[in-house]
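Engineer: Here's the letter readout for the chains.
Number of protein chains: 2
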Amino acid sequence: MTKNVYFFGNKKADGSAEMRDLLGGKGANLAEMTKLGIPVPAGFTITTEVCTYINSHGGKYPPGIKKEIMDALRKTEGIMGAKFGHPENPLLVSVRSGARISMPGMMDTVLNVGLNDRTVNGLAAKTNNDRFAWDAYRRFVNMYSDVVLGVKALGDEDYDPFDEILARIKKKYKVKHDTELSTEALQDTVRAFKTLVMERTGKIFPDDPMEQLRGAINAVFESWHIPRAQIYRQMNNIPEEWGTAATVQSMVFGNMGEDSATGVAFSRDPSSGENYFFGEFMINAQGEDVVAGVRTPQPINGSRKVPKGVVTMEEAMPDTYKQLVALRDKLEHHYRDMQDMEFTIQQGKLWMLQTRNGKRTASAAIKIAVDMVGEKLISKKEALNRLEPAQLDQLLHPMLDPKAEKTLIARGLAASPGAAIGRVVFSAAEAEKLTQTGDPVILVRIETSPDDIKGMHIAQGILTSRGGMTSHAAVVARGMGTCCVVGSSDITVDYKKGIFATTAGLVVKRGDFISLDGGKGEVYKGRVPKVDAQLSGDFATFMKWADEVRRLKVRTNADTPRDASVARNFGAEGIGLCRTEHMFFQDDRIIAVREMIMAESQEQRKQALAKLLPMQRQDFIGIFQAMESLPVTIRTLDPPLHEFLPHTAKEVKELAAVMKVKVAEMEKKIELLTENNPMLGHRGCRLGNTFPEITEMQARAIFEAACVVTKQGRKVLPEIMIPLVGFESELKLQKEIVQNVAEEVINSQGLKHKIKYLIGTMVELPRACLTADRIALEAQFFSFGTNDLTQTCLGISRDDASRFLPYYLKAGILLQEPFVSIDRQGVGRLMEIGVSKGRSVKKDLKCGICGEHGGDPASVEFCHSLGLDYVSCSPYRVPIARLAAAQAALKEEDKTRS
Amino acid sequence: MTKNVYFFGNKKADGSAEMRDLLGGKGANLAEMTKLGIPVPAGFTITTEVCTYINSHGGKYPPGIKKEIMDALRKTEGIMGAKFGHPENPLLVSVRSGARISMPGMMDTVLNVGLNDRTVNGLAAKTNNDRFAWDAYRRFVNMYSDVVLGVKALGDEDYDPFDEILARIKKKYKVKHDTELSTEALQDTVRAFKTLVMERTGKIFPDDPMEQLRGAINAVFESWHIPRAQIYRQMNNIPEEWGTAATVQSMVFGNMGEDSATGVAFSRDPSSGENYFFGEFMINAQGEDVVAGVRTPQPINGSRKVPKGVVTMEEAMPDTYKQLVALRDKLEHHYRDMQDMEFTIQQGKLWMLQTRNGKRTASAAIKIAVDMVGEKLISKKEALNRLEPAQLDQLLHPMLDPKAEKTLIARGLAASPGAAIGRVVFSAAEAEKLTQTGDPVILVRIETSPDDIKGMHIAQGILTSRGGMTSHAAVVARGMGTCCVVGSSDITVDYKKGIFATTAGLVVKRGDFISLDGGKGEVYKGRVPKVDAQLSGDFATFMKWADEVRRLKVRTNADTPRDASVARNFGAEGIGLCRTEHMFFQDDRIIAVREMIMAESQEQRKQALAKLLPMQRQDFIGIFQAMESLPVTIRTLDPPLHEFLPHTAKEVKELAAVMKVKVAEMEKKIELLTENNPMLGHRGCRLGNTFPEITEMQARAIFEAACVVTKQGRKVLPEIMIPLVGFESELKLQKEIVQNVAEEVINSQGLKHKIKYLIGTMVELPRACLTADRIALEAQFFSFGTNDLTQTCLGISRDDASRFLPYYLKAGILLQEPFVSIDRQGVGRLMEIGVSKGRSVKKDLKCGICGEHGGDPASVEFCHSLGLDYVSCSPYRVPIARLAAAQAALKEEDKTRS
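Residue numbers (the numbering used here), protein chains in the order written: chain R, 741 to 1638; chain G, 741 to 1638.
Hints were generated in silico from the structure; no laboratory data involved. Every value quoted in this text rests on a predicted model; they were computed, and no experiment measured them. Be a bit skeptical, because a hint or two may be false.
In this list, chains with the same sequence are indistinguishable; a pair is considered to hold if it fits within one copy or across any two.
What the hints assert, rightly or not - List of simulated lysine-lysine pairs, DSS-like, C-alpha gap at most 25 Å: (1) Lys1045 with Lys1237; (2) Lys1550 with Lys1472; (3) Lys1236 with Lys1409; (4) Lys866 with Lys1070; (5) Lys1475 with Lys1494; (6) Lys1583 with Lys1346; (7) Lys910 with Lys1293; (8) Lys1451 with Lys916; (9) Lys1293 with Lys807; (10) Lys1237 with Lys1408; (11) Lys1236 with Lys1408; (12) Lys914 with Lys943; (13) Lys1099 with Lys1631; (14) Lys1099 with Lys743.
Kindly produce the complete structure, drawing on both the sequences and the hints.
Structural biologist: Shown next as structure tokens:
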């Protein structure tokens, strides 16, 4: 027969830490602690399988479970020396939920089960504290009515009838705080609560402790299904079928006099990571009292500066403190991680209620991990697994001073972390003008387009009222490492008036200062002071360990020498994507770019391109210098030409004048170039194939720059990447152009054999993946462009997805944002096909990824499992990718071993 | 040693018909005829392998070939009783190209090789005809100088110096036609030609017959590489490496007196297919004389009405005629197909120069095939393979009377066959207005958009000045079976003035009559009489045979009862795609549709949908009735909503009034709905999932209609198809909506168990193919939407492809138009994955295709090989698909057998 109930108490337990799936995190942990000899109040856990059983049997429990529960309860009574429901020596219990993975606060809990009009007196006598017993009783009736009987839920969601009764009684007894209520007042309260239950449910509040216990267990299991728990599971990808366990545990009380206390402790400082026993406690109190904030808790440890008059636990209860220190060491050594512990001292006896790995800041996480390796508590590999790679983001960007006073005026999506303080501007032109006066600016737009690139480059931060985490603004900002808040529906932008208004009615004018917190998606009024990111020596040590184990190389997506340097400092091992078109938007170039686009003949086009050549060459010289000795992947022109065209009437007029054509003619031409679906239009290598002179100019700029830098004695490793190839013939033609120019330039400079270069392709169309064996014959490397591959594989335009994707995620149609983390079944499958077909004809074909996904830890893991050679991501995500790559390698090692 | 030269002559030949690859079509055929005992002038063929050898050896010939040629030449001389280069009894030869597949006129030919100042006299003496000999000589010098010596090519392409000389000599001798030139004049001409060669090339015209022969053979091999041949190969997917053969054959002459003649004959009438010996001949003439059109050829056969005074071959040369009839029978029985034969009678002796399967019209092809089965000459299966399925198109559409006099004013692309005569209109509104007066109209647009659908429906024909074979106009017109000419750059449309002008300067005004030939892409002035398509009994017989062998079912894409009926008459076995949105554009609905789109709340949206419900129900009733007992696949709303929005200021104003909002507000809303890439936007099931009430209304309309028609005693088989599914959850949610509505409607009508329906999905995204095993769990059928699948797999927007696709095809980057014929390596591979994954979880999953490709024979064959259950295509392509499906089944049978 299946075992449904797992007992724990007095150093013995049926379960253990490994049985998380069956007993839930809490149940497994209590069993483990008990076995370790830690003083844990006895009790038992009803398994998650029981939850699953109930769900599939219309609420019925498995046969025989009643006896199992009774047996476990009897054992608990034996250990605790009290009897459940006994009028003189009553045992009280708590009933708590616990799933495999912690779902904090999502499910229900019932405390003090076993109290009734008789046992309350036993408790009072036993503790010699009438008030304590009745206070526990009124809390129990309130909680039980709420959770088990659903009294509150019957009324208005926002209205709590128990609060109303309590308020009435406080008024009657003329007291302000709950703690001031006398025993009599509490007795009054219990009576009033029970009357309310009668009124609301038509039933008498259950008096029988066994009935109370059954009700509480049932409510805990049912709470698996309450909406907030369901939503939490959806958000965290927790399967419905896991179910929760229910743990019934003896109550202990920290409020049974001056020899009683309750507290929380961390085995090390969770904020700094220092190896210092950090914690707080309160004498004669219950956990709730700490939360209520009526009294201030005291520190447990005296080794830090403690304010005058404050008594530490070390001083107040030296023996118990010593016991606690011993338990701290035991637990930290046992779990080999920093512990977050809850304890209660009941009449001088220390009980541990919970221990778990403590949450910590990113810098604390690194310090603890590095220290523990030093202490030989954990291995380097374990240390590497102690950090969520995404956490590193906190460390890399400057941030608003958390201690500063500030006024929050709007919230949006935290699109790109960091902090920004600047004057509000509404256009790239304004940004430029204001920046010339030396003032920092924040670009505020409804949404951004490639036209705004220049303004975005200059701005300290970007704020938009529309768009999601993958909107143009968000993607570009992350790429630049610029702080960015998007989709702030709290603000309404009025370009004409040059203002934005908040829902709260505040009007912010052009030139006003605001501050952004890109990590939280918050907008503050005025100038909030900023503090810089401080990278510790521990950080360097930690990242070195990551580099030792990872197999994947990490490159960066960078379009400027500045971005390249930032990324190199963060450990980038090359550029995986340099987008040449971003260079096209600068003021001195855009006119020549437009001339090139509008050219009526190849001759005209070549003339315009000749103007661009020296500028592009200069760009590449800067990048090659910044990336000396490292590979630099340069993508030839990719976006549809019309993106570069003038949009405003003024711009059209200007260009018409330069090109000496009529405005009407210019407008007509612009209209002709407009596409219905530019994403699927005349772009990528289709441009280079229809206008070979563009590729030719770009190749010339690249190789001339390579020659200049080589002559400076620096090593250059250019890798030319042809975008949007669907047919091998497209790549072949482009390759020929690049090769011819390369050979001509290199030979004419006498640098033959001195510049090694590769020509490859960006794999970003399903067809390219499906025919990768043909394409690989023409390619020296593949780089997966997972942004476009996601768009085509899923048929979803990133720019338009905001119309339905948020709804899809909310409704659970999609479980993750495919532009953030690689959709493994679709896009991932195409990548798999691409790699295996490509390598079927070229065994060692270098494969990388340069989509936005290259900086997403889950995607990095996937790339590792695919056997890619490198990932490429925006500069500020390089350390994240390095750690994610290390963790992926470790995970694989574990799998191979097991 | 490899055999390089294959001799044929006097009933013996080294080669045979099977050796096409080695000897080319011509060489293989001559060998075969010779072996059959047909009198063929002797000669020999130099293999295609020699061509390949030369190409890969820098123009060198294989060793030993000279001797092989000399041996074959000696044998030829023996049989023909003349000697190459002999001054008294000279043998003349022709040198011709011949590839595996006929490339008519693409490569070079040299006739009369072996003539010089001595042999010309021998020829004159032998034939007793000075003039004939010198005429042959001057023709030879001209042709040889042109083809072998490249004299013409040295000058201007359009200027022919030989013509100039000839003109001068005709003036000198005061004659008008070449045929009037005397021997002396011809001698003058030869001298002048030779002088020209000397001037232009600096070399004397080669006198030595062997040198002439070497030059001619070399020129023929080299002509494999001339541009027009290369282009032809690209267009017809003929590999470069095949090469051509060169055939050297004795010349015979039909112009050696009244007992000589030349002619062409078809073993049956190539126009009607009747079993009647059809042909023309000319006494004392050469092939070129027929082309020159100076004399009219005479019929060979007298059994048809022959004009008075015209003498047939039967009458003029009764014995030779009998021989020819015998040869006709022999050849037709041997090749088991209608033959196209060239013959020459030289001084009473009949020589066959060529025989090949004759080209024929579609109706002739059917008649011949059916007749030959009746004659037990071929099997039914062979008959089915005798027609290119696409040929059937000719038969199905009415056509302009080929005999009528007409004025061609413009050409464009033949987008949709048929004929149309009507008054010119430039908008849907004009079309409607003019149609009400009872006049037929032709809609002329620069290009069309969904706004024009209504006008396109009403119009007899559609003409656009822009767009390709897959432009909106072309696709929709083919779908409707409406005659359509697109991309006619010969016309310039001016909407404002209500005219279009042709390049020739003709101006056509609104209301003027024009006529279109959609099968040829031609535009005529005025009203050209039309003749109806006449489907013969043979057609029915032929199609019945096709139905007997095919495994694939053929359905149709039809949105109206009318289309459904047309298709049913053409043999459609159901509807594979009924696009509900086409119904949305009609006048009485578009306002309600727009109200639905602009609704601010679900309530408002439901109100608008309630207005649409009865109209949609009525549509479905009509379609179900037309398709009684056959399955009808109905796709729920697919296009992005903004396609339905008002575009003109007037329409916006109207809608604003109806909806009681301000125009500015309306404009803002329209802008909000505009997408960057609508093809990848908020459309397909994404609409149905974000606005479930739309799917609900459509499901209700479908099932209420199904109930009405069922109660009429007709069988209804609805198949509801959910578009653009990428994730199984999308389909699951839509399925639930449709199922709930279906059960409710069917039960409330008491028709439970009486209406069977299916719910499936359109597979049109790469992700759907890659995750088909999951999606199949929710689907009762798959229908591949290969239009969208092509767009996403290749990343090419059909609407924008005209910017580069034509260039890609021309440059050979792409070998076929992927929107016309399935791209097997990319899209086809996805379909393969989709079918196999889908059927891995549902063994008998019904799979079909409903993209435009469903009517393309090559794609139908591919669908057969994939194991699909059906293809669906536009009504007028149904017979084509039926035949293509039959041929695919036969091909498979052959493969399995061999």
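Engineer: It remains to establish, for every hint, whether it holds in the given structure.
Structural biologist: Right, here's what the structure says about each hint:
no.	hint	verdict
1	Lys1045 with Lys1237	neither (54 Å within a copy, 90 Å between copies)
2	Lys1550 with Lys1472	between (45 Å within a copy, 16 Å between copies)
3	Lys1236 with Lys1409	between (29 Å within a copy, 19 Å between copies)
4	Lys866 with Lys1070	neither (33 Å within a copy, 123 Å between copies)
5	Lys1475 with Lys1494	within (20 Å within a copy, 63 Å between copies)
6	Lys1583 with Lys1346	neither (40 Å within a copy, 59 Å between copies)
7	Lys910 with Lys1293	neither (67 Å within a copy, 82 Å between copies)
8	Lys1451 with Lys916	neither (82 Å within a copy, 76 Å between copies)
9	Lys1293 with Lys807	neither (59 Å within a copy, 65 Å between copies)
10	Lys1237 with Lys1408	between (31 Å within a copy, 18 Å between copies)
11	Lys1236 with Lys1408	between (28 Å within a copy, 16 Å between copies)
12	Lys914 with Lys943	neither (31 Å within a copy, 130 Å between copies)
13	Lys1099 with Lys1631	within (22 Å within a copy, 68 Å between copies)
14	Lys1099 with Lys743	neither (33 Å within a copy, 85 Å between copies)
Hint violations for this structure: numbers 1, 4, 6, 7, 8, 9, 12, 14, all remaining hints satisfied.
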